[in-house]
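To get the working numbering, take the position in the sequence shown, counting from 1, and add 15.
Don't read these hints as lab results, they were simulated from the structure. Beta carbons are placed, not taken as given, at the ideal position from N, Cα and C, and that holds for glycine. Please note: incorrect hints may appear among the correct ones.
What the hints assert, rightly or not - Pairs of lysine to any residue, SDA-like flavour, derived with a Cα cap of 20 Å: (1) Lys145 with Gly106; (2) Lys433 with Ala150; (3) Lys433 with Asn105; (4) Lys145 with Phe187; (5) Lys145 with Arg214; (6) Lys215 with Met141; (7) Lys433 with Arg100; (8) Lys145 with Gly36; (9) Lys145 with Asn105; (10) Lys215 with Arg444; (11) Lys103 with Trp93; (12) Lys103 with Met141; (13) Lys103 with Ala191; (14) Lys103 with Ser147; (15) Lys433 with Ala143; (16) Lys215 with Pro135; (17) Lys433 with Lys103; (18) Lys215 with Arg108; (19) Lys215 with Leu52; (20) Lys145 with Arg220; (21) Lys145 with Ala224; (22) Lys433 with Ser147; (23) Lys145 with Leu112; (24) Lys433 with Pro135; (25) Lys215 with Gly36; (26) Lys103 with Gly36; (27) Lys145 with Gly102; (28) Lys103 with Pro218; (29) Lys103 with Phe146; (30) Lys433 with Arg108.
As the list claims (entries may be wrong) - Distance windows between CB atoms, simulated: (31) Ile451 with Glu230: 23 to 31 Å; (32) Ile451 with Lys215: 37 to 45 Å; (33) Glu230 with Ala344: 56 to 64 Å.
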Amino acid sequence: MLLALIIFLVTLTFVIWQPRGLGIGWSALAGAGVALLTGVVHLSDVPDVWALVWNATLTFVAVILISLVLDEAGTFEWSALHVARWGKGNGRRLFTLIVILGAAIAAVFANDGAALILTPIVFQMMLALKFSPAASFAFIMATGFVADTTSLPLVVSNLVNIVSADFFGIGFARYALVMIPVSLVSLAATLGVLRFFFRKSIPDRYDVAELGRPEDAIRDHLTFRAGWVVLAVLLVGYFVAEPLNVPLSAVASVAALAIIVVAARRPAFLFRSAARRPEPTATVSPAPVGRGPIAVWPVVRSAPWQVVLFSLGMYLVVYGLRNAGLTDALGQVFAAMAGQGTLAAGVGTGFLVAGMSSVMNNMPTVLVAALGIDAADATGIVHEIMVYANVIGADLGPKITPIGSLATLLWLHVLDRKGMHISWGQYFRIGIILTIPVLAVTLLGLVAWLTVLH
């Protein structure tokens, strides 16, 4: 067990540290290679691990690709500017609307999409509105925080969700039935905590006239319009795919391919009529077809392909912990919680997984905990509560520390490049205060709602 644990900790250190820009996938694969060479895992384990992670990983990459293309088209900036105008100059209303927008983007485009795409847009909005550094900090923190705390409602809202749903065989519709109401509880708790914590920083008023027009944010009208159709078809496809035994990754990949085809205007013969259509003059009101195709290759290259390598490599390393018996020991802890009833099982599992996620990253944690819950042999409502509490803990727990999720590390890096430096100590002091009450309320909401469903 000691060797498996050492390999896991060293691999995790390199994944988080990323020396000289070393990709997380290469670090994870190196750890998996060491585990194979030392006999901690075996070649026969590789197909088992790939069966656990392939659908989750490819779905996640496809969803992020869709979000990146729509971001290039100006969809999210357009949405943010509309939300800012709905605020009508009221700073507190704007804060609430930005949080709700972040929750909506996280639900459909995953937590990474919400944090990494919306944050720069909000940052530029703060500059345009000439908000104080304290006010800008409040809005930026809120955007990053809500991206994870509300990434619960759909299987595709977080890679953690997909991994857990695949592991326990939870269908898309059942997951949504359980977690949409729980996510609304989390959103309400998140908004309440954020509004209270930043109450002195949120400005009373702002000048709407300082904002640009939403229409001007659209850089490709054809892709912008097609995006709404693709999203509608995508959401319907998620529910239709389940009874047909079609994997979510197939649905998401087809949607990603469709929006890429539109953005690139390839094959060209499909878009000849659009290309011949003249650009409107200043006296014509209809929106233009677009400013030309999007350069999709850089977008495709910027997709999180390293996550594919990371998923296989890191989960092989985690499988080594299972082979060494660590997950069975964790299963005994979960079994003890299960024996105390639904409330103890839900709250105990959620907080334990949150703590593990905050110190060893949520991606390996969710699978370690899933293996432990499986080993606990709990049944009925207690088992179901523990399964969903694992998801909640792995989604919310990473907000306690900067290393809790790779998305948070990248988010901090993006902010640093824009001149807003948040130290790890500063982040932790805020993160733990914000996360604990939201986590507690969300777990109580889960227990209450599943009790109603049963």
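Results for each hint:
1. Lys145 with Gly106: With Cα atoms ~12 Å apart, Lys145 and Gly106 stay inside 20 Å; holds.
2. Lys433 with Ala150: holds (16 Å)
3. Lys433 with Asn105: violated (26 Å)
4. Lys145 with Phe187: violated (43 Å)
5. Lys145 with Arg214: Roughly 18 Å separates the two Cα atoms, so the pair holds.
6. Lys215 with Met141: holds (17 Å)
7. Lys433 with Arg100: violated (25 Å)
8. Lys145 with Gly36: violated (34 Å)
9. Lys145 with Asn105: holds (15 Å)
10. Lys215 with Arg444: At roughly 17 Å apart (the allowed maximum being 20 Å), Arg444 and Lys215 satisfy the hint.
11. Lys103 with Trp93: The given pair, whose Cα atoms are some 16 Å apart, holds under the 20 Å limit.
12. Lys103 with Met141: holds (15 Å)
13. Lys103 with Ala191: Roughly 33 Å separates the two Cα atoms, so the pair is violated.
14. Lys103 with Ser147: holds (19 Å)
15. Lys433 with Ala143: Holds, at roughly 15 Å.
16. Lys215 with Pro135: violated (23 Å)
17. Lys433 with Lys103: Outside the cut-off at roughly 27 Å; violated.
18. Lys215 with Arg108: Measuring from Cα to Cα gives roughly 14 Å; hence the hint holds.
19. Lys215 with Leu52: With a Cα-Cα distance of about 56 Å, the restraint between Lys215 and Leu52 is violated, given a limit of 20 Å.
20. Lys145 with Arg220: holds (11 Å)
21. Lys145 with Ala224: holds (12 Å)
22. Lys433 with Ser147: Answer holds: Lys433 to Ser147 is near 16 Å, not above 20 Å.
23. Lys145 with Leu112: holds (19 Å)
24. Lys433 with Pro135: Holds, at roughly 9 Å.
25. Lys215 with Gly36: violated (38 Å)
26. Lys103 with Gly36: The hint is violated at about 43 Å.
27. Lys145 with Gly102: Distance of about 16 Å is within 20 Å: holds.
28. Lys103 with Pro218: Judged against 20 Å, a Cα distance of about 13 Å means the pair holds.
29. Lys103 with Phe146: holds (16 Å)
30. Lys433 with Arg108: violated (26 Å)
31. Ile451 with Glu230: 23 to 31 Å: Check failed, 42 Å falls outside 23 to 31 Å.
32. Ile451 with Lys215: 37 to 45 Å: Since Ile451 and Lys215 have Cβ atoms about 21 Å apart, the given range 37 to 45 Å is violated.
33. Glu230 with Ala344: 56 to 64 Å: holds (59 Å)
Going through the hint list in order, the structure does not satisfy hints 3, 4, 7, 8, 13, 16, 17, 19, 25, 26, 30, 31 and 32.
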